[in-house]
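*Asks:* Each chain, letter by letter, is given below.
There are 2 protein chains.
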Amino acid sequence: MTELTKRRSRRRAGGREARAAVRTSNVASQAIWPGISGGRYKPLSDADMSRIHEAALGILERTGVGDPTQEVLDLVLPKGAVVNEHGRLCFPRALMEDLLARAASEFYVHARGSRAGKDDMHCTKDKVYYANSGTAVTTFDAETRSYRPSTLKDIYDFTRLVDRLDNIHMTGDTVLATDVPQDYEHDMSMLYAILAGSEKPSCLTFRTREHIQDAIHLFDLASGGEGKFLEKPSVIFGGCPIVSPLRFGRENLEILIDTAKMGLVCDLAVPPQAGATSPAPLAGTLAQAVAETLSCVAIANLINPGTPVVFAAWPFITDLRTGSFTGGSGEQALISAAAIQMGNFYNLPTSVGCGMTDSKIPDAQYGLEKALTFALAAHAGANRLCEFGGMLGSLMGCSFESMVIDNEAAGMISRTLRGIEVSDDTLSVDVIHECAIDPGHFLGNAQTLQYMETEYVYPSLLDRELTDTWEKAGRQDMFERSRSVVDDILSNHYPNYFGSKADEEVRSRFPIKLPREVMRAG
Amino acid sequence: MTELTKRRSRRRAGGREARAAVRTSNVASQAIWPGISGGRYKPLSDADMSRIHEAALGILERTGVGDPTQEVLDLVLPKGAVVNEHGRLCFPRALMEDLLARAASEFYVHARGSRAGKDDMHCTKDKVYYANSGTAVTTFDAETRSYRPSTLKDIYDFTRLVDRLDNIHMTGDTVLATDVPQDYEHDMSMLYAILAGSEKPSCLTFRTREHIQDAIHLFDLASGGEGKFLEKPSVIFGGCPIVSPLRFGRENLEILIDTAKMGLVCDLAVPPQAGATSPAPLAGTLAQAVAETLSCVAIANLINPGTPVVFAAWPFITDLRTGSFTGGSGEQALISAAAIQMGNFYNLPTSVGCGMTDSKIPDAQYGLEKALTFALAAHAGANRLCEFGGMLGSLMGCSFESMVIDNEAAGMISRTLRGIEVSDDTLSVDVIHECAIDPGHFLGNAQTLQYMETEYVYPSLLDRELTDTWEKAGRQDMFERSRSVVDDILSNHYPNYFGSKADEEVRSRFPIKLPREVMRAG
Chain A
1 MTELTKRRSR RRAGGREARA AVRTSNVASQ AIWPGISGGR YKPLSDADMS
51 RIHEAALGIL ERTGVGDPTQ EVLDLVLPKG AVVNEHGRLC FPRALMEDLL
101 ARAASEFYVH ARGSRAGKDD MHCTKDKVYY ANSGTAVTTF DAETRSYRPS
151 TLKDIYDFTR LVDRLDNIHM TGDTVLATDV PQDYEHDMSM LYAILAGSEK
201 PSCLTFRTRE HIQDAIHLFD LASGGEGKFL EKPSVIFGGC PIVSPLRFGR
251 ENLEILIDTA KMGLVCDLAV PPQAGATSPA PLAGTLAQAV AETLSCVAIA
301 NLINPGTPVV FAAWPFITDL RTGSFTGGSG EQALISAAAI QMGNFYNLPT
351 SVGCGMTDSK IPDAQYGLEK ALTFALAAHA GANRLCEFGG MLGSLMGCSF
401 ESMVIDNEAA GMISRTLRGI EVSDDTLSVD VIHECAIDPG HFLGNAQTLQ
451 YMETEYVYPS LLDRELTDTW EKAGRQDMFE RSRSVVDDIL SNHYPNYFGS
501 KADEEVRSRF PIKLPREVMR AG
Chain B
1 MTELTKRRSR RRAGGREARA AVRTSNVASQ AIWPGISGGR YKPLSDADMS
51 RIHEAALGIL ERTGVGDPTQ EVLDLVLPKG AVVNEHGRLC FPRALMEDLL
101 ARAASEFYVH ARGSRAGKDD MHCTKDKVYY ANSGTAVTTF DAETRSYRPS
151 TLKDIYDFTR LVDRLDNIHM TGDTVLATDV PQDYEHDMSM LYAILAGSEK
201 PSCLTFRTRE HIQDAIHLFD LASGGEGKFL EKPSVIFGGC PIVSPLRFGR
251 ENLEILIDTA KMGLVCDLAV PPQAGATSPA PLAGTLAQAV AETLSCVAIA
301 NLINPGTPVV FAAWPFITDL RTGSFTGGSG EQALISAAAI QMGNFYNLPT
351 SVGCGMTDSK IPDAQYGLEK ALTFALAAHA GANRLCEFGG MLGSLMGCSF
401 ESMVIDNEAA GMISRTLRGI EVSDDTLSVD VIHECAIDPG HFLGNAQTLQ
451 YMETEYVYPS LLDRELTDTW EKAGRQDMFE RSRSVVDDIL SNHYPNYFGS
501 KADEEVRSRF PIKLPREVMR AG
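Line by line, the protein sequences give chains A and B.
Using UniProt numbering, the final residue of the first sequence is 522, and nothing's skipped along the way.
Using UniProt numbering, the final residue of the second sequence is 522, and nothing's skipped along the way.
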């Protein structure tokens with residue numbers, strides 16, 4: 001047995017009681033916090049970024065974006081955009097350079113109620129947050145290991161679950177309510193379920209622009225009264241105004257136009273798929289994604305100069321053996337990180353699709369794909385890692401158990417983002433000198449007690465027991481362990497953050513399809 | 001349903017047959033290769049590295065390393081090292097600066113037989129390889145989900161398995177042969193099992209210096225005859241000459257001395273454990289790890305100036321709630337990457353312990369911890385990611401199934417390391433222009449066919465099917481899928497790279513405890 005083996009098989013007891021006294025469970029970690037800065041991983045060189053930028057401007061000037069609506073043309077042609085011989089909307093280079101120089105570099109998304117202020121998100125270059133989103137059509141059933149159509153109750157349940165998960169900072173509509181087929185009823189009920197379930201900031205998608213005004217009434221009721229929402233917006237509006245390659249999708253373009261006019265933030269989520277709706281070489285997909293994203297940034301800024309907008313280039317990967325989308329590959333992790341680097345190059349707030357594992361169950365593949373895509377995007381300095389919690393099956397499903405697991409992953413990633421503080425105190429040269437000479441270990445040292453809470457994240461779901469202990473305790477894997485956390489939260493935490501008065505008003509004014517019975521225990 | 005959801009739920013068929021014709025399975029990926037350069041992730045600033053360097057030199061000058069043997073004192077005191085008032089071996093700052101300036105920045109570890117040349121490893125700054133090692137005491141049994149004492153047959157089986165796994169570049173003694181208790185019989189039988197099982201380069205540990213000369217005879221027989229091994233060494237000698245904090249361990253120090261004299265490469269594997277055998281602040285553990293590692297680099301270079309040696313600072317993490325070693329945390333990923341950055345700061349070939357998950361089974365925790373520690377070390381530019389394949393249970397066990405899974409992980413990591421090539425061709429501006437205007441997709445484009453093999457890694461174990469297909473196929477997780485790969489290789493691949501003549505000679509000269517019967521099918 002080597003020295004290494006000998007030492008790792010032995011537990012050290014020195015100072016254990018003192019450490020146990022310091023350590024209390026079920027408190028938010030002191031070692032991490034929301035919005036830690038990333039940016040220490042740079043997949044692209046400065047020269048690469050300049051070339052991608054030049055290629056994107058060339059595409060916007062020559063190829064442009066197809067299927068512009070008359071409405072958008074009326075808004076942007078007078079400001080310097082042009083239409084080319086193919087009827088496509090083009091942006092001259094000088095116009096783009098000018099718009100980028102004046103685009104907003106930051107904005108806030110506010111938390112509500114008792115979270116107001118302390119859980120606000122500061123969206124700007126490099127500050128990293130984990131955000132739920134997805135609009136998957138199925139929910140994973142852990143008991144049967146199968147996917148069933150997702151429901152409005154699922155939206156409420158996912159939201160109240162994430163309300164108790166400290167490391168996921170933003171709620172979102174991770175699934176569609178397939179049991180509410182009518183568009184208006186769906187969107188109002190979805191908003192209700194999410195606002196009732198958590199006061200964290202949200203990223204939400206709408207089916208049509210017609211719902212925005214009523215949504216704002218509903219947001220006002222959640223925020224304390226008329227006009228309150230626009231004072232401190234608590235929502236980013238998700239959507240994909242682009243249908244790759246380089247065409248507009250009408251519904252989301254209209255939402256972009258309306259939110260830009262109101263100064264609300266639109267998450268563009270531009271997803272060209274390499275080898276299918278964009279070039280097979282990753283550089284080409286990146287150039288196209290940047291061009292597509294910048295076209296939306298330009299439209300928002302032409303409509304309302306300086307309005308905040310998210311650089312949401314979300315390049316996707318195709319498995320070219322089958323032509324199908326794959327969200328968990330090394331290629332995906334790499335190109336997402338590079339897209340983030342481009343957004344930071346423009347000094348714009350960013351978001352990217354992350355954790356889009358192709359696995360159907362929280363297994364080793366799930367962990368490998370999630371951690372790789374999370375880690376590279378976060379270290380590239382993504383402002384928001386979207387599609388974060390619970391997503392699996394190439395974005396086709398969402399899982400309660402996975403969301404709990406991803407919350408643990410977020411804690412690990414955040415600790416790596418924080419990095420290593422180097423100071424005279426942390427370098428510990430004198431402590432090393434003393435402990436090396438006598439007693440030959442650091443467990444009972446005052447410095448160890450001092451740093452144990454602030455230097456380390458203590459996970460609740462990651463197994464660190466001895467193999468014997470694990471075997472005797474029933475050989476559970478992380479998926480099994482996550483089920484009891486889900487059960488514990490979902491059987492105890494039934495929030496309704498509207499409060500009874502506003503809830504009455506919401507239910508009287510809007511067709512809320514979430515029965516009151518599902519919002520309480522039993 | 002959003003545009004994103006609509007698009008991802010649809011499979012595209014354009015050009016599928018052409019792509020199927022290009023794609024052939026069971027070939028090494030053209031998109032990755034051994035030794036891709038890392039180094040794009042820099043957890044430490046230049047100023048941080050200078051401060052850590054200064055702290056380490058201060059520790060070496062003042063505190064020094066305890067328990068030096070008379071032999072090492074006789075070798076290094078005449079060359080400028082000194083003993084302090086505590087009887088500890090110290091290295092004056094000027095001496096260290098001088099030794100570091102002249103230390104070897106590269107070496108080769110050679111493959112044998114039909115792999116010679118093409119599978120040699122070039123060990124130098126930033127070039128990334130994945131290397132097995134571990135000396136775990138148990139082997140994971142997938143059928144019973146339990147750990148049993150590891151055996152000599154396991155060593156042969158792990159080696160012939162990795163012989164067929166393209167992305168793991170170096171074999172090693174991942175487990176101990178607990179069924180061969182006598183030291184000499186153990187080491188000779190272990191060497192035999194590994195050299196018989198693969199011609200890839202190896203990293204091997206010995207129990208005592210007395211075994212090295214006989215080992216070299218055995219290596220010669222594996223390499224084609226007397227003197228062949230020293231011409232093209234195919235082995236790195238693993239071990240931990242340091243017992244943290246800052247003491248020598250006699251057995252491995254003796255191996256360092258002997259290998260240095262012969263110009264063979266020693267992997268130092270210095271594992272201070274934060275909060276237990278080194279300070280709780282990560283910066284302090286890093287400073288101590290650097291000091292401890294540099295002390296060994298100094299000794300090797302004082303004995304044999306310019307002899308190649310590995311900067312193997314392997315800082316470990318303690319869960320301070322229990323005092324036990326934990327190998328899979330965010331803190332572990334971060335400090336390992338920082339240790340690598342320090343090795344690259346010194347322009348020395350590096351290695352680091354990686355993938356030391358605390359999980360007992362290949363589950364979501366396994367994947368998260370492996371991918372995070374792999375990814376950050378590789379992107380920090382680790383030359384060798386050690387303890388790579390199959391290790392689990394905080395290094396207490398090794399698993400065949402995990403080794404197959406880690407091979408897939410290595411492919412993903414390598415693809416991210418390779419990065420994005422940016423050129424006029426890959427930027428694809430003209431292809432984008434043509435495809436955007438007509439037909440609106442890229443699947444049948446000649447460029448897509450041209451790049452599909454060279455741009456993408458196609459995994460064999462990562463599930464990318466539709467959820468329906470996955471359910472109908474039996475809802476397998478990655479662990480279950482990996483079992484059939486293991487079965488397939490282990491029931492078919494029974495190499496003995498000694499060949500029958502050398503094998504006779506080996507078995508007549510050394511006490512080889514591996515029966516011939518286990519080296520063939522049936």
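I should point out that these hints are in silico values taken from the structure, not numbers from a laboratory.
Treat the hints with care, since some could be wrong.
The list treats identical chains as interchangeable, and a pair is accepted whether it falls inside one copy or across any two copies.
[As the list claims (entries may be wrong)] The calculated lysine to any residue pairs, modelled on SDA-like cross-linking and capped at a C-alpha distance of 20 Å, are:
1. K42 <-> R418
2. K513 <-> D67
3. K42 <-> D126
4. K42 <-> G419
*Asks:* It remains to establish, for every hint, whether it holds in the given structure.
*Replies:* Outcome of the hint check:
no.: 1; hint: K42 <-> R418; in the structure: both (16 Å within a copy, 13 Å between copies)
no.: 2; hint: K513 <-> D67; in the structure: neither (36 Å within a copy, 74 Å between copies)
no.: 3; hint: K42 <-> D126; in the structure: both (12 Å within a copy, 15 Å between copies)
no.: 4; hint: K42 <-> G419; in the structure: both (16 Å within a copy, 10 Å between copies)
In summary, the one numbered hint that this structure violates is 2.
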